[in-house]
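*Asks:* Build out the structure end to end from the sequences listed, making use of the hints.
Protein sequences appear in the order of chains V and Z.
Here the working numbering is used: the first sequence runs in plain steps of one and ends on residue 150.
Here the working numbering is used: the second sequence runs in plain steps of one and ends on residue 146.
Be a bit skeptical, because a hint or two may be false.
Anything over 12 Å on all C-beta distances counts as not near chain Z; from chain V, calculated [what the hints assert, rightly or not]:
1) 94
2) 109
3) 123
4) 130
Only some residues are given here: those of chain Z computed to face chain V with a beta carbon under 8 Å [as the list claims (entries may be wrong)]:
5) 2
6) 8
7) 9
8) 55
9) 56
10) 63
11) 74
12) 76
13) 80
14) 112
The hints are simulated quantities; they were obtained by calculation from the structure and are not laboratory data.
The beta carbon of each residue, even a glycine, is placed where N, CA and C say it ideally should be.
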Amino acid sequence: MTDTDPRAVELLNWLLEGLHDSADGLRQAASLARNPAFQTLFTERAGQRDALIGQIEAEVRSFGDEPACEGSMIGDVHHAFTKLRDLVAHGSDKAVVEEVVRGEALVEQRFEAVADDVQAPAKARELAGRMVARLKTDQQQIADLSQQFR
Amino acid sequence: MAAHFKLTEEDDGFLAAPQGASLLFSGASGTETWIERSEDAVVRIGIQSVAVATGAGGTLGVCIEVGDHAAKGQDGPAPIEYRLSASQSVQVLVKGGERVAFKAYPTADNAQILRTVVWASDLRSDAPTRVAPRPTTAPEAAASRA
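*Replies:* This is the structure in structure tokens:
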């Protein structure tokens, strides 16, 4: 027997979409970056996003529902990184890092929005709140990387 | 396949061994080897390396160790993505029939080594003695103008 909560499932799936976008973006960034330190960081970070995806999927299933299995901006993420490919070929990894910073800020905003939404179901708020601190730390680390280019 | 830093034309120029030198090693990590001659010879050993700083403060060093002595050179610290290049050379007397063992290698901190070359070049013992060039103006003419 499972408790159904359509609003909680809706919010959790919205978070899932953001995490799928994040993981896809990080993998694209890892393939484009020439700096091996960035390749490693982005690949590891994508793996961590997969782990978060697994946790939220389990929560969605606990409500007897099916989790979202892809990002909200698959085409946009791909397009953004395709545009970067030409820049990176002749320039630096700066554009890749900046795109990651932008993408990670978006996913962090999603989690903050749910965590701060007093009308959101407690389970979704609690889960988003638990993950937002980690996302902030991750975001700050990548933002610090982008500062090295200035 | 992951992207990677590539050598530029400028890098290739920097890495070129001097004319007449024998290339002993080309790669990234450096070499531990020896040289030997049938007769006494003065041999110059050189190392050249290029790298890209992968983080703030990236440095590239090169070192040639012969016996207990080491000759070192360094480029950096440099900002991220800065191209680093360093070279060092030493001159050694190789006695006929005796091996001179040496190590020549780069060291990198916050940098990715792209290529290293190590070479040796025998200095000619029969090279003509250097002679001072003749003045273009005869001393008498110079004196008459004074």
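*Asks:* A separate judgement is required for each hint: does it hold in the structure or not?
*Replies:* Hint check:
Interface exclusion of residue 94(V) from chain Z breaks down, the closest Cβ pair being 8 Å apart, not more than 12 Å. Even its closest Cβ contact with chain Z, about 27 Å, leaves residue 109(V) beyond 12 Å, as expected for a residue assigned away from the interface. No beta-carbon of chain Z comes within 12 Å of the beta-carbon of residue 123(V); the shortest separation is about 39 Å. Taking the minimum C-beta to C-beta distance to chain Z, about 31 Å, the non-interface status of residue 130(V) holds against the 12 Å cut.
Checking residue 2(Z) against chain V by beta carbon gives a least distance of about 6 Å; that is within 8 Å, so the hint holds. About 11 Å separates the beta-carbon of residue 8(Z) from the nearest beta-carbon of chain V, more than 8 Å, and the hint is not met. Given the 8 Å rule on beta carbons, the hint for residue 9(Z) is violated: about 14 Å separates it from the nearest Cβ of chain V. Of the supplied interface hints, the one on residue 55(Z) holds, with its beta-carbon coming within about 6 Å of a beta-carbon of chain V, less than 8 Å.
The criterion of a C-beta within 8 Å of any C-beta in chain V is met by residue 56(Z), whose closest approach is roughly 5 Å, and the hint holds. Because the closest C-beta pair between residue 63(Z) and chain V is about 23 Å apart, greater than 8 Å, the hint is violated. For residue 74(Z), the suggested interface contact is broken, since its CB lies about 21 Å from the closest CB of chain V, more than 8 Å. Checking residue 76(Z) against chain V by beta carbon gives a least distance of about 14 Å; that is not within 8 Å, so the hint is violated.
Interface restraint check: residue 80(Z) against chain V, minimum CB-CB distance 4 Å, threshold 8 Å, status holds. For residue 112(Z), the shortest C-beta to C-beta distance to chain V is roughly 6 Å, which falls under 8 Å, so the interface hint holds.
When the structure is compared with the earlier hints, violations turn up for hints 1, 6, 7, 10, 11, 12 and for no others.
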